[in-house]
Amino acid sequence: MEWKDVIPVLAGGIVILVVALVVKPVLLGEPIGFGSPGVGVLAPPEYVPPAPLPTATPFPDDGEVYTRAFRWMSIDGGVHTTEIRVPEALFSAARETPRYADHLAWGRYALAPADRPILEDLAGRIAPPVDNPDKEYFRLMNLVFFVQQIPYDKDENTTSYIEGVLPRHVRSLDDGIEYPKYPVEMLVDGRGDCEDAAILMTGLLDALGYDTVLLKYSNHMAIGIRMDAFNPYYAKYTPKYFTYEGKHYYYIEGTDFEWGNVSSSTTARWGRPLAIGDVNGAGIPSVRSETPEIIPLRYIPAPAEYRISPARLPAAGGA
Amino acid sequence: MEIPIPGLPDLPDLKIPSLPDLKIPRLPKVAIDWRKALTAAGVVIAVIAAAFIGWTLFENYTYDRDVTAFGSHVAAAEADLAQVSEKVSAHMRSRPANPSLAEADAPVREFAAIAEYGGAVTAYHRQVISADAVPDAYLEAQSAYVRALDHLNRAFSLWSSAAAAYDMQAYAAVEDNLARADQEWREYVTAIGDYNQRLRVAEEVGEVPPA
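The listed protein sequences correspond, in order, to chains G and Z.
First residue of the first sequence? That's 1 in my numbering, and the numbers climb one at a time after it.
First residue of the second sequence? That's 320 in my numbering, and the numbers climb one at a time after it.
No lab work stands behind these hints: they were computed from the structure.
Note that CB positions come from ideal geometry on N, CA and C, so glycine has one too.
Not one of these hints is a red herring.
Calculated lysine to aspartate or glutamate pairs in the EDC-like style (CA-CA distance at most 20 Å, straight line):
1) Z:K406 / Z:E429
2) Z:K406 / G:E46
3) Z:K406 / Z:D501
4) G:K4 / Z:D352
5) G:K24 / Z:D385
Quick look at which bits of chain Z chain G covers, simulated, 3 or more residues with Cβ under 8 Å:
6) 422-430
7) 438-448
8) 460-467
For reference, chain Z alone in the conformation it holds in the complex (with noise of 0.2 Å):
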């Protein structure tokens, strides 16, 4: 006996298909070629092979490529400190003897001079030698050298300072100025040395084939 359900419509009769009428897909069959497979996985091979070779090759080119700009840029500010040092020395041997007023000024105007121009050098130099991308072997030794730049610089800095004050005659400032002065180009010298140790082991390192 059926019960009618209040408000629900009558519905037709819904017809079920049968299973055997549902059609399931199939798996193309794969005819493998023994030759094209081993094609493919030649080529696959050869690409990583040649990935692998080229991206060696391009570090070691880089590697190369960075160690001789930092090389070029770093002989660069020894010719340039070369010629300031060369200054210098003609200024200490041209001391006069028993100068006047005016010829004892004379030296420490051009003493301010050189100040100027060994501040500009290492000033210079030591934005392009810091600014020089170098393998990692070399960062210690290019950071040994920058400094030993940012040492110079506070040294030609003082000098001008010690300068200026000797304009004003305040004689017991050139001392105190050239004293910190003499402790920066000390402290250049360690810096120097500890750079050279620094590139010598760089350079060892360097002898094995960068990763």
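So here's chain G without its partners, still in its complex pose (with noise of 0.2 Å):
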């Protein structure tokens, strides 16, 4: 075989490359030559940890502040004053905070960070810690108690507010307004409606270290404790509780309790809280026969699925 025979074997394989490498790739629109097809496009990435939140200021404790006095009696009847101290900024940042449109949010407010200290304190004065767990069930009801002994007033009634007129950030409903109340506005305020005394009661009994929920009835607002198992013997009534991831809740009533007057003769009155478990003491409707939504005071997010499912890798080099 002579070179001018070879030459057109070469060619042959010449054109075979061009064919595979820059023809076809241009017809298929694939990268031209050896080289896999690139990404350019995007870095890969990487985890980027959320900044820390800055801390928020505290209230001064040399401004103005609001003293609040109030007189209320203990389950074994005898009657206790407690005053309240509650820095003017904090009521007024309070009381100029948007509320959250969604109920589900609402145990927020009983957890607020500036509240806390106030609630703290209080908690600890109305119902000081016992050395005998026998008496921790008084030192329940008489919290209980004290929130139940609060005056009731409706959201619209401007009597509701220390400044005698409705808020800015009232929420108009269908039926009416929606003023949902931090805990040191009902205080200050003195009074409130059933929302605002279940926040106060479920922010105290928090303080105090007690898992509590919120029940939302359709019209109604009352709290949940959490207890194992509640049943006293002397109960005329069978406690009612609702299961709220596992766990018992026992209804309390957060805006009325037993009273009448000790005798017809007197206006001395005697008085005694709403039982635990007892949806008929307040004598409300929809208590007594509807299924609250239970709001949580803490809410954390929690996917049901999260789990990676792991992919099997293409053999090497094909099969």
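Using the hints, build the complex out of the two chains.
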């Protein structure tokens, strides 16, 4: 074989290479040459942790304060007075804060960080620590009774606010107005409606370490307190509880208590708290007939599905 | 008798050549050299054989190269998703028991950061893998894996929306977004199962040498 015979073979090979490496990629829109298709638009992502939030500036102790005196009855019948002091700046900040449109977020009112020191102080004075676990129930009921004795007033009444006018962040609803109060607002105003009492009571109970939720009915709000078992022998009713995340929360009314005149010849009154689990005590039809929506004080979003399914890798070089 | 045609000039006498004067070309005689003919045929056959073998080798090379590239991209995606999974699992394990509001908000911010990270990871690998030129046998597996990444990407996007709704204290919207994200996660798991099955089929097909 001579050189001139080899040339066609070489030419054929070159033609094949040109077809494979240039013509075919051009026709199919692939990259020309041996290189694999590159992706250079995005860079490989990196995890960026969230930046820490700046800590809130505490309200000054030396500014103007609202002083409120509460006269209340404990469950043993004794009458007590308790004074609270709320910085005006704290109260004004609460008043000027827009209300949450979503009632599922109302637990945030009870846990407001700025209100917490005041609630811890007040709860400690109303229900001081006990050395005997048997007295824990009385401690709890004293706190419940304290809130139940705060006068009830509707959101639409200007008498419910110390300014004598409706706050600017009241929310208009089809059947009236809504203004859930921060605990300090309820304490300074000295009155409020059912959700205000429920928020204050859950805030105080939380400060004492109780696990509580808000119970929302169609026209009422009450409290649920977690108890593993509550069925006292003296109860003339079956204590009502609701289950949330596998835990039992017993009903507590926040806005009323049992009372009456000591005798017909005196204005002196006796009173006792509406009992835990008694849904008939307050005489509210929705409480007797409805199953409430349970609103946890603490809400952390938790997806149910979040597990990565490992995928099999293709065998190297095909099969 | 000649009748003159008016206007026609007188033509000189035309001389028609006689046919025997024409020269007809003849083909040269081909002297067949059998040695050269066999050489030419051999060259043609060699060229065809070289083309066929070269093309087959090239196809094999391209097939293997494409599958290897696809495999390495899936492996990279799986490695990054494993890191995302680790962060998600750690996040779910570290939920505070009785947090203050600030302590309750912090995990949600971390949740948002993980969602952002997961979304970026899935978007990146989706772009890489969907750009892979894979053999026909692997097209369905590739499509299933890209679909899985799409579901995962939407799930992370919904997580981000849930975290944003939490920041606005719109908890009902949070729950709604999480429920939709859960559905995307379930569809992602289904797509991965589909991918595994189609990959197995592709590899069985791949055992037969490509044409």
